[in-house]
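Asker: Line by line, the protein sequences give chains A and B.
Be aware that the first sequence starts at 2, since it is given in my numbering, and climbs by one per residue.
Be aware that the second sequence starts at 3, since it is given in my numbering, and climbs by one per residue.
A few of these clues could be false.
[Claimed, not checked] Here's a subset of chain A near chain B, in silico, CB distances under 7 Å, partners left out:
1) A72
2) I93
3) V94
[Said to hold, decoys possible] Facing chain B, a subset of chain A residues (Cβ under 10 Å, in silico):
4) P23
5) V71
6) L157
Hints were generated in silico from the structure; no laboratory data involved.
Where is the CB? At the ideal position from N, CA and C, for every residue including glycine.
Okay, here's what each chain looks like letter by letter:
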Amino acid sequence: MKQTALFWAFFRVGIFGFGGGPAMIPLVRAEVVTRHQWLTDEEFADVLAIGNTLPGPIATKMPGYIGYRVAGISGCAAAVIAVILPMIVAMIVMLGIFSRYRDVGWIRGMGQAVIPVVMVMMAQLTWDFFDKSKAALGWLISIAMAVIAGAVIYWLGVHPGWVIGAILLAALLRPSRKKRAEGAA
Amino acid sequence: MIYWDLFLAFFIPNIIGYGGGPAIIPLIEAEVVGRYGWMTSQGFAETLALGNALPSPIATKMAGYVGYEVAGIGGAFVAVAATVIPSLLLMLGALGLLYRHRDSPRVKRMSQWVRPVIAMMMAWLTLGFFTESMAASGLLHTLIIGIVAAIALVRFNTHPAFVVIGALVYGGLFIS
Chain A
2 MKQTALFWAF FRVGIFGFGG GPAMIPLVRA EVVTRHQWLT DEEFADVLAI
52 GNTLPGPIAT KMPGYIGYRV AGISGCAAAV IAVILPMIVA MIVMLGIFSR
102 YRDVGWIRGM GQAVIPVVMV MMAQLTWDFF DKSKAALGWL ISIAMAVIAG
152 AVIYWLGVHP GWVIGAILLA ALLRPSRKKR AEGAA
Chain B
3 MIYWDLFLAF FIPNIIGYGG GPAIIPLIEA EVVGRYGWMT SQGFAETLAL
53 GNALPSPIAT KMAGYVGYEV AGIGGAFVAV AATVIPSLLL MLGALGLLYR
103 HRDSPRVKRM SQWVRPVIAM MMAWLTLGFF TESMAASGLL HTLIIGIVAA
153 IALVRFNTHP AFVVIGALVY GGLFIS
């Protein structure tokens with residue numbers, strides 16, 4: 002049955018896909034193109050490009066679309082559930098045990114010790130996003146947009162959704178290349 | 003209504019979060035910690051640490067866990083659905099249209115223009131974790147763990163799971 006094959010294919014992707022969505026793409030390709038031949042190489046590249054035109058996690062859009070294409074709605078559900086469910090359950094169980102024993106001194110210490118690690122990971126992501134932004138927009142525009150957006154969000158207290166929504170709209174509606182991107186924020 | 007709030011808290015970050023899973027993290031933090039106060043900054047950091055140590059997409063792991071914490075199984079379902087379904091429906095429904103525009107400069111521009119804003123929010127979140135850790139464990143522990151984690155992650159490309167496990171061991175032994 003195709004739903005079962007889809008389920009196990011994306012189950013493997015979910016279990017071995019360390020490092021978040023974009024890192025999982027080669028695994029998806031190995032299952033979908035190499036192992037099961039549900040898509041050709043070109044089709045896979047197209048699906049990936051289309052997925053990237055939309056917001057939201059790529060690692061659920063691809064399984065969802067491929068599952069739908071192979072076996073309809075039930076295939077879509079099987080693929081998405083297989084990729085996300087096992088680790089959601091793992092999170093709930095592990096963090097549940099952790100919070101139950103939060104009052105124990107050394108367990109609390111463990112919780113405190115991961116904060117600097119997350120701080121470093123977030124700093125890494127910050128650098129990564131800024132670096133990509135610099136490559137596309139130049140450092141001057143990148144810094145200007147970041148500072149203006151930061152002031153609007155954290156100083157004026159505007160919800161980030163409005164700021165990003167306005168920028169997305171400006172990027173979509175602006176007919177030609179424009180110089181001042183931050184005007185939209 | 004809690005389910006509606008949960009839906010919005012995950013729908014908004016995912017519908018504006020261009021740039022894949024990690025781009026969504028500071029947007030989710032703004033909702034979950036900032037706007038609705040469902041989690042403390044420390045709780046969010048712990049969730050993120052475990053989320054980074056486990057495989058599969060970060061956005062759905064965060065949604066599933068936060069949804070469950072706030073409103074049980076139903077909450078987890080709503081939060082995950084708000085994360086997955088809208089962009090998936092768009093993809094299935096508007097495939098032809100998207101196919102024609104997949105190389106469009108406008109689409110590229112959308113993620114390019116959003117990136118500096120996300121970078122700023124990530125920087126802000128980094129600072130938030132720093133102050134949180136200073137308050138919880140003090141400067142010495144924060145610096146030791148932070149510097150060792152940075153060297154392991156950046157210099158030696160150590161897997162995040164091992165770095166998180168290392169921090170857990172350190173915390174269990176030396177902070178309490």
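Asker: With a cut-off of 7 Å, does the beta carbon of A/V94 approach a beta carbon of chain B closely enough for the hint to hold?
Answerer: violated (10 Å)
Asker: Can the hint on A/P23 be confirmed by a CB-to-CB distance to chain B that is less than 10 Å?
Answerer: holds (5 Å)
Asker: Should the interface hint for A/I93 be scored as holding, given a Cβ-Cβ cut-off of 7 Å against chain B?
Answerer: This interface hint holds because 5 Å falls under the 7 Å limit.
Asker: Does the nearest C-beta of chain B fall within a distance shorter than 10 Å of the C-beta of A/L157?
Answerer: violated (14 Å)
Asker: Hint check: is the beta carbon of A/A72 less than 7 Å from a beta carbon of chain B?
Answerer: violated (13 Å)
Asker: Does A/V71 meet its interface restraint, that is, does its C-beta lie within less than 10 Å of any C-beta in chain B?
Answerer: violated (13 Å)
The structure is inconsistent with the numbered hints 1, 3, 5 and 6, although it conforms to all the rest.
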